[in-house]
Amino acid sequence: MLKLKIRMSKYYLNYLDELESEAIYVLREVWAQFENPVILFSGGKDSIVVTHLAKKAFYPAKIPFALMHVDTGHNFPETIKFRDDLIESLGVQLIVGSVQESIDQGRVAEEKGKSATRNALQITTLLDAIETNKVDCAIGGGRRDEEKARAKERFFSHRDDFGQWDPKNQRPELWNLFNGKQFEGEHFRAFPISNWTEMDIWNYINRENIEIPSLYFAHEREVVRRSGSWIPYSEFLQLEENEEVLTKKIRFRTLGDITITGGIESDADTVEKIAQEVSAMRQTERGNRSDDKRSETAMEDRKRQGYF
Amino acid sequence: MRIAYCLKPKIMQIDNNQLLRFTTAGSVDDGKSTLIGRLLYDSKSIFEDQLEAIETTSKKKGHQGVDLALFTDGLRDEREQGITIDVAYRYFTTPKRKFIIADTPGHIQYTRNMITGASTANAAIILVDARHGVIEQTKRHAFIASLLQIPHIIVCINKMDLVDFREEDYNKIIAQFEEFSSKLLVRDVRFIPISALLGDNVVKRSENMNWYQGSPLLDTLETMHISSDINKVDGRFPVQTVLRPQSEEHRDYRGYAGRISSGIFRKGDEITVMPSGFTSKIKSIDTFEEELDEAYAPMSVSITLEDDIDISRGDMIVRTKNKPESSQDLEVMLCWLNNESAKPRTKYVVRHTSNEQMAMIKEVIYKIDINTLSRKNDDKELHMNDISKVKIRTTKPLMYDSYRENRMTGSLILIDPATNQTVAAGMIV
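Quick note, the sequences are listed as chains A and B, same order.
Under full-length UniProt numbering, think of the first position of the first sequence as 1, with each following residue one higher.
Under full-length UniProt numbering, think of the first position of the second sequence as 1, with each following residue one higher.
Treat the hints as calculated values from the structure; they're not laboratory data.
It is possible that some hints are incorrect.
Taking lysine-lysine pairs in the DSBU-like style, the calculated list, with each CA pair at most 35 Å apart, reads [stated by the list, open to error]: (1) B:Lys267 - A:Lys168; (2) A:Lys55 - B:Lys347; (3) B:Lys376 - A:Lys168; (4) B:Lys321 - A:Lys56; (5) B:Lys321 - B:Lys396; (6) B:Lys347 - A:Lys168; (7) B:Lys323 - B:Lys267; (8) A:Lys56 - B:Lys44; (9) B:Lys362 - B:Lys321; (10) A:Lys62 - B:Lys323; (11) A:Lys168 - B:Lys44; (12) B:Lys281 - A:Lys55; (13) A:Lys62 - B:Lys281; (14) A:Lys168 - B:Lys61; (15) B:Lys44 - A:Lys249; (16) A:Lys10 - A:Lys273; (17) B:Lys232 - B:Lys281; (18) A:Lys112 - A:Lys249; (19) B:Lys267 - B:Lys283; (20) B:Lys232 - B:Lys396; (21) B:Lys321 - B:Lys343; (22) B:Lys267 - A:Lys62; (23) A:Lys56 - B:Lys281; (24) A:Lys56 - B:Lys323; (25) A:Lys168 - B:Lys380; (26) B:Lys362 - A:Lys168; (27) B:Lys267 - B:Lys232; (28) B:Lys323 - A:Lys10; (29) B:Lys343 - A:Lys134; (30) B:Lys172 - B:Lys389; (31) B:Lys283 - A:Lys62; (32) B:Lys343 - B:Lys376; (33) A:Lys62 - B:Lys396; (34) B:Lys347 - A:Lys134; (35) B:Lys204 - B:Lys323; (36) B:Lys389 - B:Lys323; (37) B:Lys362 - B:Lys232; (38) A:Lys10 - B:Lys204; (39) B:Lys376 - B:Lys396.
Please work from the sequences and hints to get the whole structure.
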């Protein structure tokens, strides 16, 4: 596969180079405007792309900020291994916020019932980790094409001293002039890949030859059919009476908690095949995420509280 | 009507595809949401689960068939009130280009959001209802497009089906538009008769308007020449940050990181650093992949110089033979963005390129009534959504070009240090 980067004939960039240049600009702007930024790293493709872009933005220097992972305890083991390998190769610091610790400390209570997840609990852990580490800007891999509440996000998005997002009172963002000014206790979220779509991400991963967790590729896995998705079988999953564990060849389109991330049946085992498959997809990527199916404004509500 | 599911376009040939950003301004009634829904739907950018969700909502609301306008539904308050409050960004791609739509509300109360969406756009779509012709809102949108110097304006005369696709009606509206737009600074204006509801001349050529010889909207967006939208003449490189790796391998490296605002820089170019005035030559232009012989806007690069001079964030590297203006006194077209009105003799933070300093509004020269485009000389107070021409004085000289020449080095924002809010956006005259 040809990985060579070919620019457009003369004096203009192709759309992927322009998106890359924009993201690098945002990352450098974060570094210049904040004291202690971190990259929120989930192990998913979007945060991997952001990390890759950060590597480019500061080369030949190292990435000048830490990676922060909010660990729900309900991880795919593959994600954790991938995270640790990446941290080692980049030589950057890792900060882990643990949902289990938040539960043990009584900061949050575990949800009950069949569809219980730790998804919403992450908000408290994330905000605690931001506060205790004195983080003034958390860089995320959120994209505006993902969801209708995300479509209104700024590149620099203000959070008040409760970590909350007020979508109706956002700072106007014009040209490439970002305002990261804040008072004590507030913080910012920055979204360098705001303007990328799922397809752009895959085209970029393909072009740049970026390493991604094996979970994105088709593989055999024990799964359970639930709400139209293949949910991976794990120790955290409570089986219903009529549910059975099957072995299927699947891959994941997004990576969240092991309890809420549905897989799709697929034979795509290379990035190129995944990109082909995604281009023919008829469902949005978050369609397999039970966290977004809870209500029409599930994402907006969580974002207001301080979610990623 | 039940719409059959479609497949998305094939994987893109990325080597030759450019990115085009356009803005659509309009209100609930002029069919803006329907037009966006139509573009997304006919370009096969809508997913099955999105379509299902909208079919359900359409049924719930008692609409006949699928209401394409629902694709642009946003936050809870917006859905409840049936309005767009904030700029929403939407994306679609065709085999020829990637598009970013800044979907902005058209009401006068949301001028600040229209300006926000317009600030980065290559093109503006202005919708005119074929039954009503050019109205105040049309003039307002055209004025904002010209104020923000959006390079291309496409006037879509919508709802042609409701005037029986008559050419005379279309021509009459063109004449109306041209009459008042002759007073504006717009370079490239095109007119397209469409029906967003039925799809005429949006993606597919209309069979009802054979008298129209031009291209449908999507084809126009796909083929319009946008490479010249960025200034490629004046070399301007605002320094964002300095890269100083602490490693053995790159011990002496000192790179100035930034995104080229305009123009082209080449290895060996003679440059001047503003405001210090020190001169040097470009030693290398670096990216992660490779060292480049030349780089141009809007590339993000790191530049090293032959000489060791003191440069930091806020400085600008320019070509010695082509320098920007430098002054502490500026005339600026200012749009007030904040609920709290401008306070006279108050110090604001001015942010211009990567540079930041304090500034004061010395004088309001005139305010513009954006519905009549007339000047108001007696009313000097700046409230939210007001557009005015003002004199600003900065604490140190600002290195700038006029906004008309250069959108990147001619634009600025004001921040109120008491609230940290972005309170105004300015275009340097």
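Checked hints:
In summary, the hint linking B:Lys267 to A:Lys168 is not supported, as the alpha carbons are separated by about 47 Å, beyond the 35 Å threshold. Between A:Lys55 and B:Lys347 the alpha-carbon distance is near 38 Å, which puts this suggested pair outside the 35 Å criterion. The straight-line distance between the Cα atoms of B:Lys376 and A:Lys168 is roughly 31 Å, inside the 35 Å bound, and the hint therefore holds. Restraint check for B:Lys321 and A:Lys56: the C-alpha separation of about 31 Å stays at or below 35 Å, so the hint holds.
Note on B:Lys321 and B:Lys396: the hinted pairing holds, with a Cα-Cα distance of about 23 Å set against a maximum of 35 Å. A threshold of 35 Å between alpha carbons decides the hint, and for B:Lys347 with A:Lys168 the separation of about 27 Å falls inside it, so the pair holds. Distance hint between B:Lys323 and B:Lys267 is fulfilled; the C-alpha atoms sit about 18 Å from each other, no more than 35 Å. For a cut-off of 35 Å, the pair hint linking A:Lys56 to B:Lys44 stands: about 34 Å separates their Cα positions.
For the hint pairing B:Lys362 with B:Lys321, the CA-to-CA distance comes to about 33 Å; that is within 35 Å, so the pair holds. Straight-line distance between C-alpha atoms of A:Lys62 and B:Lys323 comes to about 33 Å, which keeps the hinted pair within the 35 Å bound. Taken as a hint, the A:Lys168 and B:Lys44 pair is honoured in the structure, with Cα atoms around 31 Å apart against an allowance of 35 Å. A hinted pair counts as satisfied when its Cα atoms are at most 35 Å apart, and B:Lys281 with A:Lys55 qualifies at roughly 27 Å.
Between A:Lys62 and B:Lys281 the alpha-carbon distance is near 26 Å, which keeps this suggested pair within the 35 Å criterion. Restraint check for A:Lys168 and B:Lys61: the C-alpha separation of about 25 Å stays at or below 35 Å, so the hint holds. In summary, the hint linking B:Lys44 to A:Lys249 is supported, as the alpha carbons are separated by about 28 Å, within the 35 Å threshold. Of the supplied pair hints, the one linking A:Lys10 and A:Lys273 holds, its CA atoms being roughly 31 Å apart against a limit of 35 Å.
Using a Cα cut-off of 35 Å, the hinted pair B:Lys232 and B:Lys281 holds, with the two alpha carbons roughly 20 Å apart. Straight-line distance between C-alpha atoms of A:Lys112 and A:Lys249 comes to about 30 Å, which keeps the hinted pair within the 35 Å bound. The straight-line distance between the Cα atoms of B:Lys267 and B:Lys283 is roughly 6 Å, inside the 35 Å bound, and the hint therefore holds. Pair hint B:Lys232 plus B:Lys396 holds up; C-alpha atoms about 27 Å apart against a cutoff of 35 Å.
Using a Cα cut-off of 35 Å, the hinted pair B:Lys321 and B:Lys343 is violated, with the two alpha carbons roughly 40 Å apart. Proposed proximity of B:Lys267 and A:Lys62 is supported: the alpha carbons are some 25 Å apart, at most 35 Å. Restraint check for A:Lys56 and B:Lys281: the C-alpha separation of about 24 Å stays at or below 35 Å, so the hint holds. Between A:Lys56 and B:Lys323 the alpha-carbon distance is near 30 Å, which keeps this suggested pair within the 35 Å criterion.
For the hint linking A:Lys168 to B:Lys380, the alpha-carbon distance of about 28 Å falls within 35 Å, and the restraint holds. Our distance criterion of 35 Å between C-alpha atoms is met by B:Lys362 and A:Lys168, whose separation comes to about 31 Å. Distance hint between B:Lys267 and B:Lys232 is fulfilled; the C-alpha atoms sit about 16 Å from each other, no more than 35 Å. In summary, the hint linking B:Lys323 to A:Lys10 is supported, as the alpha carbons are separated by about 24 Å, within the 35 Å threshold.
Pair hint B:Lys343 plus A:Lys134 holds up; C-alpha atoms about 34 Å apart against a cutoff of 35 Å. The suggested pairing of B:Lys172 with B:Lys389 holds, with an alpha-carbon distance near 33 Å, which does not exceed 35 Å. Between B:Lys283 and A:Lys62, the direct Cα distance comes to roughly 22 Å. Compliance with the 35 Å bound is thereby established for this hinted pair. Taking the CA atoms of B:Lys343 and B:Lys376, the gap is near 19 Å; set against the 35 Å cutoff, the hint holds.
For the suggested pair A:Lys62 and B:Lys396, the alpha carbons sit about 34 Å apart, so the restraint of at most 35 Å is met. Our distance criterion of 35 Å between C-alpha atoms is met by B:Lys347 and A:Lys134, whose separation comes to about 30 Å. With a C-alpha separation of about 47 Å, the suggested pair B:Lys204 and B:Lys323 falls outside the 35 Å cut-off, and the hint is violated. With a CA separation close to 25 Å, the supplied pair B:Lys389 and B:Lys323 stays within the 35 Å bound.
Proximity of B:Lys362 to B:Lys232 is assessed by CA-CA distance (about 33 Å); at most 35 Å being required, the pair is judged to hold. Taking the CA atoms of A:Lys10 and B:Lys204, the gap is near 31 Å; set against the 35 Å cutoff, the hint holds. About 31 Å separates the Cα atoms of B:Lys376 and B:Lys396, which keeps this hinted pair within 35 Å; it holds.
Consistency with the previously given hints fails for numbers 1, 2, 21 and 35, ordered from lowest to highest.
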